[in-house]
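With chain F fixed as given, assemble chain U with the ligands onto it according to the hints.
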Amino acid sequence: MTLSDRQASIDYILEKGLLTRDSALDKARMLIRRLGLRLMFGDGPLVIVFAALALGITALVAGCAPVEWRHSVAVGCSPIAFLVIANVSEAVDRASRVYDIRQTCYFTVAQVTAVRVMCLGAVGVFVTALVAGLAATSAGDFLHLLLLAVAALSMCAAAQLMIVGRRHRLALSVGLTVVWVGLGLGLPLVLGLFWEQLLASLSWVVAVTVCVVCAALVVWRAIRMLTESRYHAFA
Amino acid sequence: MLSLSNITKKYGSFRVLEGVDLEFTRGVYALLAPNGAGKTTLIKMLTTLIHPSGGQILWNGDDIVHLGASYRSILGYLPQDFGYYKNQSPRKFLEYLGAVKALDRRTAIIRTDRLLDLVGLSEVADKKMRKLSGGMIQRVGIAQALLNEPKVLILDEPTAGLDPQQRVHFRNLIARLSQDRIVICSTHIVSDVETIANHVVMIKDGAIWANDPPAQICRRLEGKVYETSDIQAVYEPHLLLTQRQDGTTTVSRFFSEADCSLLATRVEPNLEDVFLWAYRDQA
Ligand SMILES: Nc1ncnc2c1ncn2[C@@H]1O[C@H](COP(=O)(O)OP(=O)(O)OP(=O)(O)O)[C@@H](O)[C@H]1O
Ligand SMILES: [Mg+2]
Numbered sequence: 318m319t320l321s322d323r324q325a326s327i328d329y330i331l332e333k334g335l336l337t338r339d340s341a342l343d344k345a346r347m348l349i350r351r352l353g354l355r356l357m358f359g360d361g362p363l364v365i366v367f368a369a370l371a372l373g374i375t376a377l378v379a380g381c382a383p384v385e386w387r388h389s390v391a392v393g394c395s396p397i398a399f400l401v402i403a404n405v406s407e408a409v410d411r412a413s414r415v416y417d418i419r420q421t422c423y424f425t426v427a428q429v430t431a432v433r434v435m436c437l438g439a440v441g442v443f444v445t446a447l448v449a450g451l452a453a454t455s456a457g458d459f460l461h462l463l464l465l466a467v468a469a470l471s472m473c474a475a476a477q478l479m480i481v482g483r484r485h486r487l488a489l490s491v492g493l494t495v496v497w498v499g500l501g502l503g504l505p506l507v508l509g510l511f512w513e514q515l516l517a518s519l520s521w522v523v524a525v526t527v528c529v530v531c532a533a534l535v536v537w538r539a540i541r542m543l544t545e546s547r548y549h550a551f552a
Numbered sequence: 034m035l036s037l038s039n040i041t042k043k044y045g046s047f048r049v050l051e052g053v054d055l056e057f058t059r060g061v062y063a064l065l066a067p068n069g070a071g072k073t074t075l076i077k078m079l080t081t082l083i084h085p086s087g088g089q090i091l092w093n094g095d096d097i098v099h100l101g102a103s104y105r106s107i108l109g110y111l112p113q114d115f116g117y118y119k120n121q122s123p124r125k126f127l128e129y130l131g132a133v134k135a136l137d138r139r140t141a142i143i144r145t146d147r148l149l150d151l152v153g154l155s156e157v158a159d160k161k162m163r164k165l166s167g168g169m170i171q172r173v174g175i176a177q178a179l180l181n182e183p184k185v186l187i188l189d190e191p192t193a194g195l196d197p198q199q200r201v202h203f204r205n206l207i208a209r210l211s212q213d214r215i216v217i218c219s220t221h222i223v224s225d226v227e228t229i230a231n232h233v234v235m236i237k238d239g240a241i242w243a244n245d246p247p248a249q250i251c252r253r254l255e256g257k258v259y260e261t262s263d264i265q266a267v268y269e270p271h272l273l274l275t276q277r278q279d280g281t282t283t284v285s286r287f288f289s290e291a292d293c294s295l296l297a298t299r300v301e302p303n304l305e306d307v308f309l310w311a312y313r314d315q316a
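Sequence lines, in order, name chains F and U.
The first sequence begins at 318 in the numbering used here and counts up one residue at a time.
The second sequence begins at 34 in the numbering used here and counts up one residue at a time.
Okay, chain F solo, but in the shape it has when bound (with noise of 0.2 Å):
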């Protein structure tokens, strides 16, 4: 560099400032002490029902499914309050096209889908460790169990953020809850004890990798969301 490209280089950071972006974690959790817990949800009856009724049916299913269908059970149930709560709050932001004003704030919608998916798989852990608690017959099964969920959990969490993250998309992830539930009453009916015995023999290997495969999907997509590298408002 010659002393002229240098001298000008300065003048130009002199001119200009130094202009610092928050990062995606400083982001979140000024978005998190704003917004607070229930306007990120959705402030609502709305949202609260749903969450019940799904925690309800969760519990309900996990509870008194045959022991013989827990890894299905585990497997189809967990992530069902995730899926439906997220896909209520964000049909609750979208709704009566305030997204435009929205989009236009400091936060946009989907800094606070990112956060809000983030949370509530966070969340959706303990959910599942609910469930595989409930259907579990041992200590070993339970935590075979618990993989399992929590890889099911990721893969949603993952699935859900990569289709939200755009503005039209809602339907297509309320699509995936239907597909998730439809998968998870379908595969058990159609391919019977044959699926139960394919989950139940999955290595924890196998569910690790997926977990850690769909987490970091996850973080990675809301680290874009949160700091709009290139989607910036996801218009």
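Hints listed in this document are in silico derivations from the structure and should not be mistaken for laboratory results.
Hints should not be assumed to be uniformly reliable.
Said to hold, decoys possible - With the C-beta cut set under 8 Å, the calculated list includes, among others, these residues of chain U facing chain F:
hint	residue
1	ALA102
2	ARG105
3	SER106
4	ALA132
5	ALA135
6	CYS293
The model shown is predicted, which means the values in this text are computed figures rather than measured ones.
Backbone N, C-alpha and C define an ideal beta-carbon position, used for all residues, glycine too.
Structure of chain U with the ligands alone, referenced to chain F:
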């Protein structure tokens, strides 16, 4: 300063705007153009809701898309058909948007109170919005746009649905606000523009047809607008502009390139004349 350079916007193969260059500094800019001319399209690009097909929009030299949140934090926007949560009260709605605009809770509450007072909605602040009239909702929208004390305030047809009193109130508010910020407002209501705008931006055939103070725009028709009570005097190639009732006679106002001072009275052109003349072939 907000500047557009060589902005083009296409929807598929349909070209709405082409090669638009504009600069906004302090003051009120009125976007005045007929339906479908591209006002909302231009505004949506300025608010980063849609992206230009070509060209750049810069805020103090930086692309607004790259500025992202730091641009949005100085932006206030009222959409043309603005949505709201019907079951929320204006106060709840504003506090909610305050949070989304990253205001801390205390500031959001204080500003909500002040703004509701400013737009004259203190009395219905806690009523559900589905019980409010159209004009009241519009005022909630105006208040909402001011929550973050924006440096760039963009309003898409803000006076639609306001009664005369509120309209005057709104004009005064805008005049006051424009002291230290950019206000961009789209409208078809010529009388609003004449009183508040420092600059009138007119769009025609996807390009900027005029970008001047109102008085200067009117000067384009200086000496070419006439009034007569004899409608027979208005014939091709004269352009009939408006007609009004004066007692029992109908006074016709028309434009003519040729000198008609023997047939009719020459009058001062106003913005409405210019508007009708500029878009004469787009009936
Ligand atoms: N999403 C879209 N897809 C295709 N064409 C569009 C789209 N949005 C707008 N247009 C077209 O672009 C043109 C400009 O529309 P725009 O909404 O910007 O007009 P406007 O000046 O705001 O009109 P108005 O005064 O009625 O609000 C219109 O011809 C419209 O049909
Ligand atoms: Mg419009």
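Evaluated hints:
| no. | hint | verdict |
| --- | --- | --- |
| 1 | ALA102 | 6 Å, holds |
| 2 | ARG105 | 6 Å, holds |
| 3 | SER106 | 5 Å, holds |
| 4 | ALA132 | 5 Å, holds |
| 5 | ALA135 | 4 Å, holds |
| 6 | CYS293 | 48 Å, violated |
In summary, the one numbered hint that this structure violates is 6.
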